[in-house]
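Single-letter residue listing:
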Amino acid sequence: MTTQARDEIKIGGLGASRKRVEDNRFIRGKGNYVDDIVLPGMLHMEILRSPLAHARIVSIDTSKAWAIPGVRLVLTGEMMATRNLAWMPTLSYDTQAVLATDKVRFQGQEVACVIADDPYIAKDACEAIVVEYEALPVIVNPTQALADGAPLIRDDKENQHDNVVFDWEVGDRDGTERAFAQADLVSKLELHYPRSHPSPMECCGSIADFDRSTSKLTVYMTTQAPHIIRAAVALVAELPEHMIRIVSPDLGGGFGNKVPVYPGYVMSILASILLERPVKWIEDKTGNLISTGFARDIYLKGELALRKDGKILGVRMHTDSDHGAFFSDAQPSKFKIGLMHSAFSCYDIPSAHLTARGVYTNKAPGGVAYRCSFRVTEAMYFQERMVQAAADDLGMDQAEFRRRNFVRDDDFPHRTPFGFLTDSGQYGKCLQVGLEAIGYEDFLKQKEEAKSRGRLLGIGISTMTEPLGAGNSREYDILGIKMFDSAELRVHMTGKAILRTGAKTQGQGHETTWAQIVAHELGIPADDIVVEEGDTDTAPFGMGTYASRSTPVAGAAVAMVSRKVRAKARKLAAHLLEVSEEDIEWELGRFYVRSSPETGVSIQDCAYAAYSNMPDGMEPGLENVAYYDPPNLTWPFACYIATVEVDPQTGVWDVLRFVAVDDCGVRINPMVVEGQIMGGLTEAYAMASMQFITFDAQGNCIGSNYMDYLLPTAWETPGWELHEVVTPCPHHPIGAKGIGECATVGGPAAFVNAVLDAIKDTGVRNIDMPLLPDRVYEAITQRHDVSGAPPVKMDDHD
Amino acid sequence: MSGLFEEIHEQPAADVPTRRVSITVNGDKRVAQVEPRLLLAHLLRQGLKLTGTHTGCDTTNCGACTVLFDGKPIKSCTMLAVQADGHEVTTVEGLAGASELHPIQEGFKDEHGLQCGFCTPGMMLAAKALLEENPDPTEDEVRWALSGNLCRCTGYQNIVKSVMWAAKKMQAQSAS
Ligand code: FES
Ligand code: FES
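Protein chains in written order, with the UniProt record's numbering: chain A, 1 to 798; chain B, 1 to 176.
Don't read these hints as lab results, they were simulated from the structure.
All of these numbers come straight from a predicted model, not from anything done at the bench.
Be careful, since some hints might not be right.
[Claimed, not checked] Listed next, with one range per pair, are the computed distances between beta-carbon atoms:
id	chain 1	residue 1	chain 2	residue 2	range
1	A	Asp61	B	Ser99	56 to 64 Å
2	B	Pro135	A	Lys10	34 to 42 Å
3	A	Glu587	B	Asp140	46 to 54 Å
4	B	Ser99	A	Thr494	23 to 31 Å
5	B	Arg37	A	Thr538	40 to 48 Å
6	B	Pro135	A	Glu587	43 to 51 Å
7	A	Thr538	B	Ala98	30 to 38 Å
8	A	Met707	B	Ser99	41 to 49 Å
9	A	Asp409	B	Trp144	41 to 49 Å
10	B	Gly86	A	Pro51	34 to 42 Å
11	B	Trp144	A	Asp174	52 to 60 Å
12	A	Glu581	B	Lys169	45 to 53 Å
Virtual Cβ for every residue (Gly too), placed ideally from N, Cα, C.
Take these sequences, add in the hints, and give me the full structure.
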């Protein structure tokens, strides 16, 4: 290790597994989450939700609710409509009901709300509201939505005559046709990625505080993107933007759930304006699970054109995605089905074509990027399931098949089948590290040996590269707002500093890791830097934290602002050393005279000079702000390998081992990176094994609480074995790439591939996630594929 | 909740029956007048302002609200405040000594056993109950003891390590 690297670890710079500073409050129970905030005179809001999935509202009688002592306000859609607030725009150019006026379109939709002195009274009052509904036919999947004569869900929209949200395509249709014409073999697969919910431990909530005397609206809320919310509130509530302050305090996880604008936020704001009192809304878990931020719920028809020798000649994909009743997820506006077309980016495939159709159904609005860079999770799952099926169809070893199709290390920059530009990668090496770690050849022998004794072992591989860190701003925007990010650094007189960014941590540890980037760039010990995020009155404008974009974009801004500060410090150093700037060299934390290296000044000396001894004509102070527009996405890549044993008697499967090899470039804080990977793998395991939300034919949500929506506990969760490959990102200022979601994106296919490998002799090519024991059992005993498309069979409930 | 604390209803509250409870929380005796339906978690959070106890579900599944009740871990969202009358409750705020962190708190920080921190108080209290009963647990025993507490961020591996770290430290402390 060089002296610089050693010194850098000492000050908590790049590469240090620095202990997290935010932990000091969390381990003491002193975190400050929205529900912990109490304002003087604060009232409490509860929401009444629809029990039906599709119904006309005949009448709403709120008189009994008003009569309950302690009730301050009862809001219905009709009252919202008088203020033009019954509907709001979504982040995807659609509209969404705040409170239903005409009809309800999904079970759990907001119908009324009560503001009362305490939450118990508000809940009582919600139960006292009488709503009369007239039930309508219900649609719970794309097949029903697209059927002839299907009831129109969005009859509120002019010019909407069917249930189609969008029809979109990308790629080369003709070229792909030709590739398929030349194929020796076409491998086909139909898959469903089930509806899932990010389900952070903390639900959504807000405290709106409108102060009539200053006309200022302050909203404390669970948001991953405070500045976007400020813009949205300005538009929806028609308030001047400078009079809106959004504060996102500590968040109990987000995972994409806390990006959209939810009706509850809007109602609490209106209530506070009407009542001139702070109004707190804290969603319960059922409300969170049935009405907010669904993800996935998408069907694939996929085809690979293959040559006998294992070369993939072309890819054809068609997706039907179920968006629920309102198209309300945040997506880059150019790409209707997110970055689905990032599929197959790690493979060298001449041509590809994707068609994508989105539909409305009577389900909660869906499609948020749940630990995912806009549908990348589905893309990589589809990709790796298709790759395994193709290898099987060819009768080729799954590792060898991948190896033959990988983009080679010397082939970068590389244009992916759908047109992205990847800039670096060592996919073969990454796979090799994984195979060695799991002991691939040995396991194959073990598997054969176990088979002879009637035991079913399987191994599943998933390799992928994914695009993280939107923008660049040429291609990526949300509602026209370009996707860049920002950082502001202020160095105080004594060399301590405060850093603010437009991102917003939800557990990722920005307070710790951002300071490490500054330490790396300026040599100021990380402990001397405080990091602040989430307050729109103080933080520079940013697009927030989701889609693994913080390190690629805000993290880059942190490096760039530090460099701006260093450039000024250099001038101060020249002044202090009485030499010209050109004669000065920089080493970590210190400028010195090139010809006499022992003569130098520290960054702290420069900071002091910025306030006490600046040269004539120089602006005092040492601070700056940087807005960073990345030239490209970052392309981390990974290889995940699972080994499993399936019990043929029950369909239960256990993970024997799981190896993860991740390349996220330079690791700012290896401890934090590994924490992200293990958390992501656990969500991957959750989706593969148990976690899904489905619907019966009436549109009843199955999975509306943690008794039905299963999250793995410490007991079920496998142990994770982590490895790394490091390929620095060529365009990121410190060579880092996104990492937060890689494991969630790439992980699920490894589990599913492993289980299918274990039961390969049955001829079963697919079981849709989650691989519940009864599905696996059905596949083994009936020897057919098992689909997971709703509506679920409800025999035991009827 | 409302009738209990500083906030006074401007509108006359209905005739809600209340009961007086006396609970020893983190060593201090706390007396309150509560509605019989008030949950212990809400008394702790809103009434006693001990907001380290979190609530993460409505169905007794997540364990974010775990506190020690006469030394045993319970889910405070599933106990009425009146049921705690005359008992002792320990919350995360009572975990550290006057000047020192509890080894479990140190362990969680040292082994990166938390990310968003929402599950952490409950996890640490469940771990405390385990280590008091079983000072030298195996990894499996830790996983089993914590299986009533959900964490969405960490994947549990580092939580298990944190508890093992604390076990070691506590053993060393009691040996010396
Ligand atoms: S709040 Fe979830 S178990 Fe108590
Ligand atoms: S640290 Fe976030 S839920 Fe456990």
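Structure-based check of each hint:
1. A/Asp61 x B/Ser99: 56 to 64 Å: 59 Å Cβ-Cβ, so the 56 to 64 Å window holds.
2. B/Pro135 x A/Lys10: 34 to 42 Å: holds, 35 Å
3. A/Glu587 x B/Asp140: 46 to 54 Å: holds, 50 Å
4. B/Ser99 x A/Thr494: 23 to 31 Å: Given a distance of about 27 Å, which is inside 23 to 31 Å, the answer is holds.
5. B/Arg37 x A/Thr538: 40 to 48 Å: holds, 41 Å
6. B/Pro135 x A/Glu587: 43 to 51 Å: With a Cβ separation near 49 Å, proline 135 of chain B and glutamate 587 of chain A satisfy 43 to 51 Å, so the hint holds.
7. A/Thr538 x B/Ala98: 30 to 38 Å: holds, 34 Å
8. A/Met707 x B/Ser99: 41 to 49 Å: holds, 42 Å
9. A/Asp409 x B/Trp144: 41 to 49 Å: holds, 45 Å
10. B/Gly86 x A/Pro51: 34 to 42 Å: holds, 41 Å
11. B/Trp144 x A/Asp174: 52 to 60 Å: holds, 59 Å
12. A/Glu581 x B/Lys169: 45 to 53 Å: holds, 52 Å
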